[in-house]
Structures are given as structure tokens and as C-alpha cells.
Amino acid sequence: MDKKVTIAIVAIVAVFAVIVCASVLMQESPKYDPKDVDLSNLANADLKPCLEVYGNVNEDLVIDNEDVKALEAALKDGTASKLKYADANFDGKVDSNDVEYIKKIMNASFDNPVEIKHIQRYSDGDYYVDESKGRSTTIPVKAIATTASANMLTLYKHLGICDEIKAVAWYSKVDQTLLSEYQKFFVDSKFDIEGSPIYRVGGSAGYFSEEMLTKHIVNDGITTLITADNASSYLCGPSKSYPYGITEDRAYELGLDVIRIAPAATEFDNFLSDLALIALVTGKDLSTVKELQSWISSTISEINDKLTSKVGKGYVAQKSVAVSSSNSYVKSSDGTVETSNYISSFISDYTKVALGAGGKWVMQDYPWKEGSSSSSKYTDLGKWLDPYNIETIIAIKTASGFSYYDKEATLESKVPWSCMMAFSDSEAFYNNSVYVLSGDLPVVLRIVYAATILYPDLFSDSWAEKKHISYAEEFLGMDSSTIKNGKFYVTMEDMGLKN
Amino acid sequence: MDDEKFERMKAEYNSHVIRKIGFIILCIAFMVVMIAVSVNIGGYDLSFIEVYNTIINHIIGVVPEEYSKEWYDYQIVWNNRLPRILFAILSGVGLAVSGATMQSVMKNPLAEPYTTGVSAGACFGVAISMVIGVSILPSLNMGLEAFILALIPVCIIIIMSPKLNNSVATIILIGTALTYMFNAFSTLLLVTTDSETLAAIYKWQVGSFTNISWDRLTTIAIFVIIGTIVIEFLSHKLNIMTLGDNAAQSLGINVRRIRILCLLVMALMVACIVSYAGIIGFVGLICPHIIRLIIGSDNRFLIPAASAFGAAFLLFADSCAKWLSSLDMVPVGAICGLIGAPLFLFILMRNRREIW
Numbered sequence: 001m002d003k004k005v006t007i008a009i010v011a012i013v014a015v016f017a018v019i020v021c022a023s024v025l026m027q028e029s030p031k032y033d034p035k036d037v038d039l040s041n042l043a044n045a046d047l048k049p050c051l052e053v054y055g056n057v058n059e060d061l062v063i064d065n066e067d068v069k070a071l072e073a074a075l076k077d078g079t080a081s082k083l084k085y086a087d088a089n090f091d092g093k094v095d096s097n098d099v100e101y102i103k104k105i106m107n108a109s110f111d112n113p114v115e116i117k118h119i120q121r122y123s124d125g126d127y128y129v130d131e132s133k134g135r136s137t138t139i140p141v142k143a144i145a146t147t148a149s150a151n152m153l154t155l156y157k158h159l160g161i162c163d164e165i166k167a168v169a170w171y172s173k174v175d176q177t178l179l180s181e182y183q184k185f186f187v188d189s190k191f192d193i194e195g196s197p198i199y200r201v202g203g204s205a206g207y208f209s210e211e212m213l214t215k216h217i218v219n220d221g222i223t224t225l226i227t228a229d230n231a232s233s234y235l236c237g238p239s240k241s242y243p244y245g246i247t248e249d250r251a252y253e254l255g256l257d258v259i260r261i262a263p264a265a266t267e268f269d270n271f272l273s274d275l276a277l278i279a280l281v282t283g284k285d286l287s288t289v290k291e292l293q294s295w296i297s298s299t300i301s302e303i304n305d306k307l308t309s310k311v312g313k314g315y316v317a318q319k320s321v322a323v324s325s326s327n328s329y330v331k332s333s334d335g336t337v338e339t340s341n342y343i344s345s346f347i348s349d350y351t352k353v354a355l356g357a358g359g360k361w362v363m364q365d366y367p368w369k370e371g372s373s374s375s376s377k378y379t380d381l382g383k384w385l386d387p388y389n390i391e392t393i394i395a396i397k398t399a400s401g402f403s404y405y406d407k408e409a410t411l412e413s414k415v416p417w418s419c420m421m422a423f424s425d426s427e428a429f430y431n432n433s434v435y436v437l438s439g440d441l442p443v444v445l446r447i448v449y450a451a452t453i454l455y456p457d458l459f460s461d462s463w464a465e466k467k468h469i470s471y472a473e474e475f476l477g478m479d480s481s482t483i484k485n486g487k488f489y490v491t492m493e494d495m496g497l498k499n
Numbered sequence: 500m501d502d503e504k505f506e507r508m509k510a511e512y513n514s515h516v517i518r519k520i521g522f523i524i525l526c527i528a529f530m531v532v533m534i535a536v537s538v539n540i541g542g543y544d545l546s547f548i549e550v551y552n553t554i555i556n557h558i559i560g561v562v563p564e565e566y567s568k569e570w571y572d573y574q575i576v577w578n579n580r581l582p583r584i585l586f587a588i589l590s591g592v593g594l595a596v597s598g599a600t601m602q603s604v605m606k607n608p609l610a611e612p613y614t615t616g617v618s619a620g621a622c623f624g625v626a627i628s629m630v631i632g633v634s635i636l637p638s639l640n641m642g643l644e645a646f647i648l649a650l651i652p653v654c655i656i657i658i659m660s661p662k663l664n665n666s667v668a669t670i671i672l673i674g675t676a677l678t679y680m681f682n683a684f685s686t687l688l689l690v691t692t693d694s695e696t697l698a699a700i701y702k703w704q705v706g707s708f709t710n711i712s713w714d715r716l717t718t719i720a721i722f723v724i725i726g727t728i729v730i731e732f733l734s735h736k737l738n739i740m741t742l743g744d745n746a747a748q749s750l751g752i753n754v755r756r757i758r759i760l761c762l763l764v765m766a767l768m769v770a771c772i773v774s775y776a777g778i779i780g781f782v783g784l785i786c787p788h789i790i791r792l793i794i795g796s797d798n799r800f801l802i803p804a805a806s807a808f809g810a811a812f813l814l815f816a817d818s819c820a821k822w823l824s825s826l827d828m829v830p831v832g833a834i835c836g837l838i839g840a841p842l843f844l845f846i847l848m849r850n851r852r853e854i855w
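Residue numbers (the numbering used here), protein chains in the order written: chain S, 1 to 499; chain C, 500 to 855.
What the hints contain is simulated information worked out from the structure, not anything from laboratory work.
One or more hints might be untrue.
[Stated by the list, open to error] Only part of the chain S face toward chain C is listed, based on derived beta-carbon distances under 7 Å:
#: 1; residue: Ser-209
#: 2; residue: Met-212
#: 3; residue: Thr-214
#: 4; residue: Val-218
#: 5; residue: Asp-220
#: 6; residue: Gly-255
#: 7; residue: Glu-473
#: 8; residue: Lys-484
[Claimed, not checked] Between beta-carbon pairs, the in silico distance windows are:
#: 9; chain 1: S; residue 1: Asp-479; chain 2: C; residue 2: Glu-564; range: 44 to 52 Å
#: 10; chain 1: S; residue 1: Trp-384; chain 2: C; residue 2: Leu-672; range: 35 to 43 Å
#: 11; chain 1: C; residue 1: Asp-544; chain 2: S; residue 2: Glu-72; range: 44 to 52 Å
#: 12; chain 1: C; residue 1: Val-561; chain 2: S; residue 2: Asp-479; range: 52 to 60 Å
#: 13; chain 1: S; residue 1: Met-106; chain 2: C; residue 2: Ser-567; range: 28 to 36 Å
#: 14; chain 1: C; residue 1: Asp-714; chain 2: S; residue 2: Glu-72; range: 48 to 56 Å
The beta-carbon is built from N, C-alpha and C at its ideal position, and this holds for glycine as well.
Take these sequences, add in the hints, and give me the full structure.
This is the structure we're talking about:
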């Protein structure tokens, strides 16, 4: 009996010892070395957007009585000149006239329009705000011409701006990838639908035809042109990408106020600040901006918390990632392949999506072109990526000719996916880790889906869908079935390219 | 030859001359009609009367109130449509005159302004400007690079041809070789660039008159008007040169000097046009042929007739392009080929006249 008890005790102790040793060994030898983890490029969740308009003395999202009080107090104690946006009437000095001007801005109406001076957001690849290039806009604005990227239209949708948009510059005809509410308006100018409130006035998103734009200035009273921050692509005039477009200066000569914003910025402070600016000039309610701030902040916090607590801490390894902005792959009948592909650089908004979702940037040593280059082209398939050990490639694609909101259409669209063969020699392709992510998604949702792609153990598909539904219902007026019927990232299996 | 026969020949010659002058007047009239039509075509809504009121008001000095409907009418008619029309006219004149000159100087029906490699050089200039970002004067965009690079092939021809027997065949072959060489340079640059830049360069290559302003017009006007006058002055000598180099030299013509002068003038005109409007094909090749089929190869009449017809033709093509797409999506170069080729074949079939 004693012997049996002894054996049992020894066995229990042995099992216990094995368990303890195993757990100790697992703890002492983490599967992944934390030193290799770099989460310094996660999106900022602590958002402090500011309406970058002179007169916004307290630097919140609105010009109101608080600004009047703040300026009056600052004038009393002699600190007014230190306030960044105190010179509301931009006459070069801060005084009681600015208080009156703030009141004017607050009471701006179509009968009493007021000119405001705001920050113009310019970027030329490496994103910066050039404060010396501030611009003026007369508010309120009731008729707008705009470039019509998906993100720009989403931004308008957030604020409920539709009737104000009288003219758009857009590359495609009716494009299925855009929000359905806008689709019906994208018609060729020669075939305007009678009574349709929006007309196409440019052959691409960056190019406005002077005659067509002027036509709608006269007919619809357009006073403001809103475009994106990339000044080398939008309203850049006859140079670089769009040799025949009008310039920003020409738009001013035609009597338009030009506002440049960053609708696709992963710096959500900038995005929300610009949203607040558009809300101010169109007289829209700011509540959406505040709600969006809260939603984005909590979602990014959730992603960041999970990533910082799990990635490289023995749970999951950090994935190295590269983002592709454009691809083509054509195989001729004699077997020769012509390919032309782009990998986005560190400064690209696309790359920031993947890094914001916890991806690791490993291409520091690649000789990126200096200055304005946000991507680099290669034509020798994926071999040149070999030295960088890129485990995952995410191609962010817009305007593929179908809607990501239609799952069946997305899965049936084999042609757009064949271009992913451009990565067929890469490590990511061998690992079945090349993905296509919908570029029509709002940027925060791009990060959500990118997190799902990179770390499926931490962020499930159902979590991403739940987030998407929440966003779409709250801010885009869509119902859950619209999202459930969609397919917003495509795997190699979906593309029929799985090894 | 008796007096009666002489008088009959003289009357016949005069009748020929009158018919040729009549045809030139007809071409000019066609051009004027096209101006009248073209100024009414565009995306901005303007009635026939509004268009002419705007022009007349501007001429008599009536200044519309800023940002009024009349002010926008003025912006479109005076600052948008008229410069474009005048640019099309000047381009048509420059290209047609250059084409006629090249064909006469080279004694070759396939010669055209771009045979010398002007377009390939200009294209390389644009590729350098857009792909590498090198710009001689950034404010002029890629115009100056295209202009300078367009002149380089012609300069090489002028330098090389005396060392290679000066024959027209040599000049054409050097031009063809340089075209290939500059095209190869451009291709090397283009394969390394992004799709947007590639698309932009392609758009430039097919040619367009969009966004032509008055200040750009001045430069091209100087080059084309002076160039056309110089060529017209040389037209008599060009006629003699068609007899062959030896015969022309025996009649006191310095063939080499005239050829180089013509090449230089043609290159300056075409380089200027191409650097602003892109490569507008067909006009320089076919317009002179159409005129030859109708009034013959006498350069004294061919040059002015080709210039008027080239201008009217290009204006007609641009009007069609504007009418088809008010967003300027249809390149004028494509329309030139679409309209011009069937027209040329029709005249060729109908006339059956040997012009070479």
C-alpha cells in the first residue's frame, strides 16, 4: 500500500514538475523575440483634432462663444498675441476687432457671408502642412465643385453633404465601387441626366475642364472647390500627372475659393480637423465629427491595446508587411510576362494603414526616391523583395470595376486578381499571404481589415464585420445587410491563386 | 512660237494662277467659317449671339463686372476658346508648311516634319521633365525641355550631313536613326515610371489644344509667322530644287544652304508647336499632299494653300474633338487621322493624278 502511495505521489509530483517546467520554459523562452517588435507606427488613438481656422481661439472643433470669451480674457491679460488662431480677421494684429469678427463668423449666413482664413493642407508625397499657404473661403457655402475620390465622397456622406455638390471631377463613368448614393450622379457630361444635381466636370479626379467648371459656376452658383491635399495630382495644372488641368490659381481667378483637405489621412487628427472645416463652411452639424472622433479613438485604442499586449509577447509574432498601390501582370501567348508594380514607401497613406494595423516596416534600406515619391515601381516580379523577408503583401485597390459591397461580384471578378501574379516570386505569395484590401473603405476601416489580415488570431472576421456594421450604420446610413453582403478583403484562395 | 500661241499659253497660265489663288481664297474662307463655328463649340453654354457680343464688347472696350455672367462669358470666349482657336490655326499653318517644305526639300512624298526626329526629341524632353523631374524653367513646365530636345536631332543632321555627302537620302536616314535613338531613350525612361506619369506622357503624345493661354500663343505666333514668311520667300528656289541638286546648282542656287535654312526654320516652327501641344500627327504629312493633288506642286502656291488648308483642317478636327467631349477626353491627333485619311484616299482615288 505504502509502495503504491509512494508511486502515486511520485507520479503526481512528476506530472506536476513536468507541467511547471514546461510552463517555466515557455515563459523563459518566448517564441518571439520582443526586440524584433516595432509598434511605433500604430495610429494615434489619443485624438485632439482642431478646427484650423483663424478665430478658433480655444483650438477646439467649433467657433463659438467660448472663443469670444477666451479672446476677451487673453486681451485683458495681454496673452492674446500668443494664441495661434486669434487673428480672426487676419489683419496681422490681435485686438477687439477680432472679437467682433469671431461674432461675425458665428452669425455667418447667406445674407451675411463672411470670409474666413483657414489652413490649406498641402502634401507632396511627404505629408506636411504649409501654414504659409493659408487660404480664404467665404462662408456659408451652398454650391461646391469637388474631386470625387471614394474617401472624399465618404467624407461628404459623413456630414450629410449632397445637395451642395453641384459638380465633380472623376475618372470613371458610373463606378460601382462608389457609395450607391452617389453612383447615379456619375454620368458623362454629354449625357447628363436631366434634373440630376451633380455633373461631371473633369476627366479625372485631378483635372477640371475650365469650360465645364465655369458652366456650373454660372448655372449653379458654385463658389468653392474642394480637393485633396496632394498638390502634385490635384489641381496641379498643365504639368506632371495631368498635363491639361486647370491650376489652383486659375480656380481662384475664376472666383472660386479652394479648400484642400486630407480625406485619406491615417493621421486622424488631420482627417477630423478637415471634417470640422467642411462642416463649418457648409453650415453642417458638428455632432458627427465628435461622434466619429469617439468611434475612431475607441477602435484604434482597441486595436493598439491588443497589439501592444499580444504581438511579440509570446502570443503572435509581428508580421512584416509591404503595401502595393498598383499592379499589372500580362502574360502573352509566347509565355513572356510584362508586369508593372508599385510598392508604397513609408510615407504613403497606404503603408500607414498596414503599419497602423501592427505590420512591421522592413524596407528601410530600400533606395526610395527622395522627396515626393510615395511608391516605387519594379518590373521583375517579386524577386527584388527577397532581401526584405516580407511575409505579407496587402494590395489596396480602388475602382476595380465592381463593388466590394457585392460579395458574389467580388469573388467572381477573377480578372482584377490575376495581376497579383506579379508577386508570384515573393515569399508572401509562397505563404499564400497576398491580399487585396478594398480601397473604397474609410481609412479607419482599412486599418480594421488590415489588422484582421495580419493577425487573424487577435482580430477575427466577425469582429471586423461588427466594426464595419457599426461604422456604416452610425455614419453612412447603411444597414447591416449591406455590409454582410460584401467582401472587403480578398485572400489568395478567393482569387484562385492559392498554392 | 507665234504670238497667238504665246497669248493662248499666257491666258492659260493666268487662268491656272487665278484658279490656284481662288483655291487659296477658298481655303482661307473655309478657315474663317471654321473659326466662326469653333468659337461656338464648348462645354460652357453660350448662344451664337452671346459669343459675338462678348467678342465685340471686348474689342470696343466694354469691361464686364467681375464674376458676372458676362465676365464668365468673356473668360471662356476670350481667354479659353479664342487662344485655342488661334493656336489650332498656327499649329495647322506651321505643320502643313513644314510638311510641304520637307517634301519639297527632300523630294520625298513620305517626308514630314517629324522625319527629322523633332517629335522623338520633344518626346524625350517631356519624358525627362515628367519622369526625372528635371526642368530647365519650371514655370514653363515641360515646354522648354521639349523645345530644346526637339531641336537637337535637327542640329545633329545639319552637322552630320556635310560629312556624309549632303544627299537627301542621307538626311532622311540620319533623321530616322535619330528618331529610333530618342525613342529608345524615352522608352528606357518610361519603363521605370509610374502609370500616372505614363498616362500623362501618352496624353501629351497624342496632342491637345486644351489650356492654351494668350501668353503661350505669342511665342508660337512669332515662330510660325516668321517661319512661314521665310519659306514663302524661298518657294521659288524650292521649285528650282525639285529639278535636282545639279540642275539647281547650275541655275545659281546654293542647294545645301537653302536645305539647311529650310530644315532650321521647319525645326523651329515644329519644335515650338510640339512643345506646347504635343505630337499632332497627320497634318504635316497629308495636308500638303491633298493640296498637291488639287493645285499641283508649285511651291509658290502650295505653301500658302497648304498653310490655309492645314489651319482649317486642324481647326475642324479640334472642333470635332470639342464637340465629341466637352471634358477634352478626345485627342485632336486622333480626329486628324480619322477625318484626314478617308478624305485623302477619296481625293487620291478621284484625281488619279501623279504628283510625284
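Each hint, compared with the structure:
1. Ser-209: This hint holds: Ser-209(S) lies near chain C, its Cβ roughly 5 Å from the closest one there, short of 7 Å.
2. Met-212: Interface hint status for Met-212(S): holds (4 Å vs cutoff 7 Å).
3. Thr-214: holds (5 Å)
4. Val-218: holds (5 Å)
5. Asp-220: violated (12 Å)
6. Gly-255: holds (5 Å)
7. Glu-473: Given a least distance of 36 Å, the restraint on Glu-473(S) is violated.
8. Lys-484: It is violated, given that the least Cβ distance between Lys-484(S) and chain C is near 34 Å, above 7 Å.
9. Asp-479(S) with Glu-564(C): 44 to 52 Å: At roughly 51 Å between Cβ atoms, Glu-564(C) and Asp-479(S) fall inside 44 to 52 Å, so the hint holds.
10. Trp-384(S) with Leu-672(C): 35 to 43 Å: holds (40 Å)
11. Asp-544(C) with Glu-72(S): 44 to 52 Å: holds (51 Å)
12. Val-561(C) with Asp-479(S): 52 to 60 Å: At 58 Å between Cβs, range holds.
13. Met-106(S) with Ser-567(C): 28 to 36 Å: holds (31 Å)
14. Asp-714(C) with Glu-72(S): 48 to 56 Å: Since Asp-714(C) and Glu-72(S) have Cβ atoms about 50 Å apart, the given range 48 to 56 Å holds.
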